[in-house]
Structure formats: C-alpha cells, structure tokens
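Go by the hints and put chains B and C onto chain A.
So the protein sequences, as listed, match chains A, B and C.
For the first sequence, the residue numbers in the working numbering are 1 to 317.
For the second sequence, the residue numbers in the working numbering are 1 to 411.
For the third sequence, the residue numbers in the working numbering are 1 to 365.
Calculated directly from the structure, the hints in this document are not laboratory data.
Model, not experiment: these values are computed from the prediction.
Hints are supplied without guarantee of correctness; some may be wrong.
[To be verified] Pair by pair, the computed Cβ-Cβ distance ranges are:
| # | chain 1 | residue 1 | chain 2 | residue 2 | range |
| --- | --- | --- | --- | --- | --- |
| 1 | C | S185 | B | A360 | 29 to 37 Å |
| 2 | B | K331 | C | L108 | 53 to 61 Å |
| 3 | B | G316 | A | L153 | 51 to 59 Å |
| 4 | B | V146 | C | N196 | 51 to 59 Å |
| 5 | A | T151 | B | K331 | 31 to 39 Å |
| 6 | A | G207 | C | P10 | 57 to 65 Å |
| 7 | B | P147 | C | R195 | 48 to 56 Å |
| 8 | B | D383 | C | T327 | 46 to 54 Å |
C-beta atoms are modelled at their ideal positions from N, C-alpha and C, and glycine is treated no differently.
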Amino acid sequence: MFELFAQADATAAGFGQYLLLGLVLGSLYALIALGYTMVYGIIELINFAHGDLFMLGTFFALGAATAVGATTADAGTGTIVLGLALMLVGTPLFCAGLNVATDRAIYKPLRRSPKLTVIVSAIGVSFIFMNLGLFWRGATPVKFPDLIPDTNLLGGAGSVRFTLKDAMVLGVTVPVMIALTVFVKLTPLGKAMRATAQNPTAAVLMGINVDRVIAVTFAIGGALAGVASVVYGLYIKSADYQMGFQNGLYAFTAAVLGGIGNIPGAVLGGLVIGVVGELGKAYLGAKWSEALIFGILIVILLFRPTGLLGARTREKV
Amino acid sequence: MGTGKLNRRKFLAGAAAGAGAFLFAGCGKKENVLRIVSSLPRTGSAQGQTDTIVNGIRMAMDEYNNELFGNKLVHKDMDDATAAQGQWDAGKEADNAREAAADKDVMVFIGPYNSGASMVSQPILSEAGLLQVSPAATWPGLTKKVPGNQKDEPAVHRKDGKINFCRVCPTDFVQGPLSAVFAKEVLGVKKVYILDDKELYGNGIAGLFKKKCEELGVTVLGHESIVASQKNFKTVIAAVRGTNPDLLYFGGTSQSGGPQIAIDMKGEGLKCPLMVPDGCYEKAFIDGAGADTFSAVPCYATIGGYDPGQMVAAGGNGAAFVKRYKEKYGKDPEAYAVYGYEACKVFLEGAKAVGKKDRAEILKAVLATKDFDKGAVGKWSFDADGDTSLRVLTISKIEGTNFKPQKTITE
Amino acid sequence: MTAVGRYWVPGLFAALFAYPFLPVAEANRGEQFTILFVYALLALALNVVIGYAGLLHLGIAAFFGIGAYTVGILTVPFFPFQQSFLVAALAAVLVSALVGIAATAPTLRLRGDYFALVTLGFGLITLYAIRNLDAITEGTKGLNPIAAGPLPGVKENVDLSALKVGDDWGARWYKYPYLYFVILSALGGVMLLLRNLERSRLGRAWVALREDELAATCMGLNPARLKLAAVAVGAGLAGLAGAFYALALRTTGNPQAYDFTLSMIMVCCVILGGLGNRPGVLLGTLLLMGFDRIATNLLDNWLQEEFDLGGGAYTKVSGWKLIIFGTVLIVMMRFRPEGLLPEARHARELRESDDQAVDSGQKEK
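Pulled out of the complex, with its shape left as it was, chain A reads as follows (with noise of 0.2 Å):
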C-alpha cells in the first residue's frame, strides 16, 4: 500500500524541498481562508461560495493579462509589468465587488434565518459561480501566462529549488497577511468588526453600523481570494472552472483548523495544511495525501474541539 515510502527521495535535501513546497501552497490556502475565517466571525456563515469566487478571480486576472497580451514571458517587459499591475489590482477589486453584490443580493435578507438556510443559499452562489465559470472558459484546463521566471535562487546546481515563483508567492501572501492583521487589530473599522464578531447586538448598542463592517468584512474577504487567484495563478500556471472547489476545500479546512473565526489561526491552518499534504504526497503518495489532510483535521479536533486557536471562540446556548 506505501510502496511508495522506499522510492521517495527521503534525504533532507528532499525533505527541504517538500516542506518549502508545503510552506509556500500553505500560504497560498492561508490567503483564502482568510476570507472563510472572517466572514464567519462576523455572521456565522461558511461561505461555500468562497472558493468559487476565487476560481472566478483567476479567471478574471487571465483576461486581464490576455487583454494587455501578456501571454507568454516573450511578452516584453513593459506589457509583462502593465499586465501584472492590472492583475493584481484589478482582481481584489472584481472579486470584492462580486462578494459585497454576491453578500447584498443573497445573504442579507437572510441574517434573522437559521444558519442552515443561508449555508444552503450560499452552496447555490457555488453552483451559479461555478456555472459561470464553465460559461466563461469552458471545461477544459486553460493555461494560465507563465510570466515569471522559474530561475533557482539557491543556484542551478543545488538539489533544493527555492524559485523566483516560491519567493513570488511569499512577497505577496506574507505582506499582505501582516497587513491585514495590523488593519484589524489598529485600525477603528478593525475594531468594529472585532466588536461585531464579538457580539453584534452590543456592537449595533455602541453606534457600530454593523451592515457597513459585514460589507467591509466581504470587501476585504473578497479581495484577498482575489490577490490569492492572481498568485495562484501565475504559481500553478493553470485555471479549469472546478479549481475553487479543491482549492476551496482545503482553505475552508484551514480556517476550521486553526479555529473558524480566528485570524492566525487561519494561516496557521493554511500553513499546516500544505505542508502535510505536500508532505503527504512526498511520502505516502499523492492518492493518500487528501485521506492524511483528513485524519489529521480529525485528530486534531478531538483534542482541540475548537480548533488550534480557537480556543477565544465563545459558545453559544
């Protein structure tokens, strides 16, 4: 069954490897479920939609680069820049408008229902999204432009490969995960939305407008799976309208983990979660590594119910 074991390059040059590939999917994760963990500290809603709307973003960012011809690294560097530049300003912006539209539309009537009703309105956002999805770019895998470079920082000769895309992908998760955090614990609207997330009906008592930090909250959600659809993209290099829902999957997973509601524990999750899943695939297998992700989650929940940080989360009666 783990054949697979012996023929795994086991040294701690290979070891160094996955865990750096693990590090940099995990901070991709962390990103999205940022927006799972926020939106559910304010109104108590998975977002099952979330990770469509990521899938949606990426899609977005390849047409913004096709618009500009940035197709191909041969592109030149001035349009490689502009497309960049619109890509990676462009997406947050389509992506947090989608989810404050998506939030209006759909979830806001439903903030007296039970939890239930609006999980359930927020699987039919997925399924709509992901039709769109299918509309916009077909079945098929569509290739993402592959415009930066996969030149080896350690050297071309070393076993390990830290690339310009690795260190891509940390110069733009890492900042922006920092600022988030200083956003919200600094910041006036950041206290009102810990305020909210606290307990609404107090937060609306102290002259919170508790609408504004719930838009704000998916504005900010959204944008952030927009940033993570922009370097995702130019990371895996492809898009296929079924990506949300992996990559969905695993980041809802990370936000649970590290305690739905809870910021670092999101990226904590996010962290944990692409290094055992590399990890996983490195030495189980990649067929075991979805089943290990799992049992892991499980494990961990029956000694941490709340998850790894969750331990602020309140319970309600």
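Frame of chain A, contents of chains B and C only:
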C-alpha cells in the same frame, strides 16, 4: 397555515404536471428512421475531444446523404457525462445504453469514449443484441483475455458470451508496449519513471508500458498514481527529479492532469522528456500546457494508427477525409475524429450490405468486416474478438502547437 | 389538512406501482425511476440525521458507498463469499451503521460547524480509501458484475410477457419491473418505518434534542446516545440505499459516484423538500434528482433533434444545470426556507423567527 395549503396544492399540481411530462415524453416517433446513437462525454473537460468525434460521425452520415435504404439517418447525440461530475457518469452511461436498446429504430451505439464507461454499457447492449462500436475505448480487457485484465474479462462484459462490441482504434495492448519499444530504441532511455491518473485507462496503459520496459531491461525507477483533482503536482515532480530519470511516462488524459504534469516539469526543473498516450493526443493537451511549456519540456505523444498529418501525406481516402473535414468545420481534425468517422462508416457499410433494419443481421455483418478500406485509416479487418487488425502506433513530438509524427511502429 | 395533503403520498406510490402497467411505460424510464427511488431512500436516511436529530452531516455519501461496496464484496464472482443479495444488503446496513457509530462517537462533543467539517472529512477519507484500496475495491474500476437475485427462490428475469398489458410489455420489461418493484417497495417500507419512528419515544426525544439540547438534557435525555442512534439509523438506511444502487447498476461504478458532491446535493434535496418531513424529502429528491438525471437528458435530446445548436456548454440544458440548481436553492431559501412541504413545527419556527430575532446572525438553532 392558509397560504401554506394553497402553496402545497400548487406544488403538487406542478409536480404532477412534471411527472406527466416524463411519462409521455418519447411518444410520437417518426416512421422510417434509422438512428445512430453516440454516447460520449459532451460536458466536462473531455468535450473538445468528443466534439470532433461527433463531427467525424456526422461527416460519414453526410456521405450517404443521411439516408440508408429508404430510412432517414438520424444521429442521436447522447451525453454520458453530468455537469455535476464533470466527466462520464456510470448512471448516465447506463441510461443511454438502455435508452438506445429500448428504441427499435436504433441500429448502432457509437461510444463510449472512456473504457470505464464501456464496462457499464457493454453488458446492457450485449443483452439487447445491439451493435456497439467504440471509437476510443482502448482498455484491452473489453475484448480480449490478456495479462493484467480484471478477473473474468472479457466474459463479464458479454451477456451469455454474445459479442456485440467492437472498436476501430488499436488497444492499449498495442500502444503501451510499442511506446516502451520506442522509448528504448529511439530515445535510448535507460531509466524511466511512471506516473498515472489511477483511472482504468491511465493506470492500465501505464502498467502495460511498465511491463514492457521491464522486459526490455529499462529500469523502472518508480510508478506512482497522482490525483487529478489536486491540480498541482509540484511535489510529485520534485520527488521524481530526485530519482533522475531519462524519461517520465504519464498514463492519463488531458482531463486527468496531463497538461499540468508538463507545466510542473518545467516549473520544478525536471529536465527529461515526457511521454504521454493517446488520451493526451489532442489540441486541448497542447493548449492546456501552453506551447511555451513544450519548448522547455520535450514531449512525445503516441496514438494507435496514424496522425491526420500522415494521412494527408499518404494520399487516398485518408487525405480526402482530412480535406473535407477541414472544408466543413474550418479546422484540422483531431486524431479521434478519424475514429469517429471510421466507426460510423464501418457501420453504414455493413448496414447497407444487409439492406434492412435488423439489429442481429447488421451486427453479424459489421463484425464480419474484412479488409475494410472505405474509411480513412487504410485497410483493416475485425478479428474474432471485435478488435481492429490495425496494430500500429505513431509517435509524435510536440513542436510549437502541433503534433509532428516522428515514427510509426508496427507490432 | 386537505384530502390532497393527506393522500398524495399513498397516491404517488399507487401511481408508481401502476406505472409499469401503463401503455406509456418505457423500460428505460422505469430504470431511471428505479435510480430515483434509490436516491430518495438516501435522502430519507440523511433526513434522519439532519432533520430529526439536527446534526449537519456532510458525508452521507460515504455510507452510500460503504453499502454499495459491501454488497459488491459479498456478491461479485471473484470474491469467495457469493452471498445472496438479501444477506449482502443486510450486511450493508449493519456495516454502514457500525461504521457510522464508530466514526461519530468520538466526534460528538464537537459543536455545529466543527462537526459538519469532520463529517465532510470522514466522507473524503472513505472515498479515498475506496479509491486506493485496490485489492478490496478494484480501485477506480469498480466491482462488477453484481448479479445476485434480489429475493431468494425467485428468478431474476421473470417472464412477465403473459400479463400482456400494453404494447409488448413482457419484452420491454424484460427484467426491470423486478428491481423497480423491489426498490419501490423498500422505499415505501422505509417511509412507513420512519413514520412509526417519528412517533416513537426515540422520535420524540430527537425533537426535544433538536429544539433545545440543554433543556432535553435537563429532562434526563442522553444527547450523545440519541445522536448516535440517529447516525446509526441514518447510516444504516444510507447503506441500504447504496446496496440497491449497486444492485440497480450491477456494478459499484466509479468511486467518484460517492463523493462530496453527492452529499451536498442530498443536503439540498432534504432542505428543498422540507427538512424533517418525509413526504417533503421524497418530493424534493424526486424533483431535484429527476431534473438532474431525467429531465435534462430528455430536454437535451429533444433540443438536439429539433435544432442543431452545436456543442457549446450554454446550448444545452445540462450546461445550465448548476445555474438552475443554484437559483432554485437561493430562491427557495429566500421565500420558502421551510421547503416545499414543510414539517409543521419547523415551518412555525421559521415563520416566527421573522418577528422574534432582533440582531443579525444571532439566530442559533
């Protein structure tokens, strides 16, 4: 609760109307119609490939002016995939087979595309005695007893041993081993790493390739299955890179991760060539990975029979087919369009010889086809199991956005 | 309740029993209906867990798969067991129920969404186990053929041509009515069983638990045991549905048939029909799955024969399926969250919530 009751009645009325529509659908059939059913994945990611098969079928029908001994030829284009699965679905394939079996005007069932789906439809159609011609299912066990089969194959696919299934494409039993021969003798490969998608087709052909490699003395460094839905194989490729192979063989299709393997080989700096079977021999594979990827990763794709480009060079029926296809659909046919055409053509010729709508007679006539040369791939016959005698393999290299045939090997 | 409201379920069953005798009956349609009955059974099973006990379970497809594969292992020719379907189905129910208990017992202390995620994870682990344990499950090839006769002592291919109802009935219903009637009867039996269960001590205890766990505990009910009972019943019935699925298809099919998508669609069927209400769940499943598996097919075939629209996804009804599904779900949740045929108590609760809830996002069930 007053409104509740009203709504309930309304819902029930709607439900009754819907049920009525199901019950009465299918009434009012036209007379003097001969239906050709195809059951192929028309939604999901295999669509590009199967669209061209359908084009091939329609071209063959057009050549008879859509008429055969006084019957109007009607093509019933069934989809064996569901949008929810994004690929073929066992229930859907079974539905299609039964629908075809139940319709007395249907004389042939062309399909399916996937060997796994074929295992579902074969027993149903065998029982109904309806001719089934697959343009693309290449799993050897569907027709023959060969090593590596599932238990009791192919008997389990045939009700009471009646043969009704045949195919116009060479099987993986030709393709897998000949690919290994090419790898050793032409590419000079000494160490190979094998990946597959764990589907019936991909896993099967990878196993046959592996077996031949071992016979030829090529070292198999490892054989692993990927999970196509993971969409990213960087770690897997990094692990392969650690073993330093001369060739990476991927048993799978463009839908089950083929293009992404090529992309990740470039990204993870795996410098050896990639070899893929006919499931990747389509434009969607090149488009999915991008031509820029293949300038860094040399890639060889194999197909049983010939590449449409070779057929043009060879002249005759094949060249004429490619030319007419291009006129009609405005682009070059994909490799499998040829087999869609061939499957429909061999049926039409067999049926024409019988001259009446009789399933058993047509089945007998088609299975007895010998030295058939009216199609596009040259002269071939069906053997006793319903396999084609065309046992050749063409290996092409991807150059730019095209498949460039390198060599054609005969078994 | 009006007469229609009270009698439509028996009426529906009577109509379905009569269907094969009607002149419009078609073998293919009958087979498709058979699969619908299997999914209805699965939805009823899920309804026990979500509707009765209030546990959001996102892995019901796993039990469906376990049931199907248990039957496969016990009946296919290349395993040495070779049991009759009756024995295999019984084993499928027991194995699914036991796996359900074993997998749920340790996770009962998890609350709401954490529990939902664990069930989702369980479903995925089961799916990958089925996919990867080739020695037992034949991997992606599926176990086949499953050909055991459904009832001991009766031939599978009963010749019904003597009945001569309608146009060559016997030939058309070569063997299908057999499975059709067996599975339809099983569905009817499960409906009755669940009706009695709802009215039993256990059923009323579930209601108490679902409405207010704290109060129920104070009244001396054991929530853990009640939840386990619900999961056991639900998993067992899902296993039965899986057993029939494998029998109807004569193969366990591709493991992908038991994935998360199916669990999610089942949740949608249950909620669309009316959470907790058997007839509602039945109707919801027949409509949603009927649309998915029969209506889109018919419409597509019709469109294709009448107009040649080409191969684009948007030219086919099946290409719009997810949009239609999604829109139906959203519209229902907005305007009729209690489902098509709501359970009386549940509907009242949802309607009242409009007046009572004051703050957003605080309505906890």
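Each hint, compared with the structure:
no., hint, in the structure
1, S185(C) with A360(B): 29 to 37 Å, "holds (36 Å)"
2, K331(B) with L108(C): 53 to 61 Å, "holds (59 Å)"
3, G316(B) with L153(A): 51 to 59 Å, "holds (56 Å)"
4, V146(B) with N196(C): 51 to 59 Å, "holds (54 Å)"
5, T151(A) with K331(B): 31 to 39 Å, "holds (37 Å)"
6, G207(A) with P10(C): 57 to 65 Å, "holds (58 Å)"
7, P147(B) with R195(C): 48 to 56 Å, "holds (55 Å)"
8, D383(B) with T327(C): 46 to 54 Å, "holds (52 Å)"
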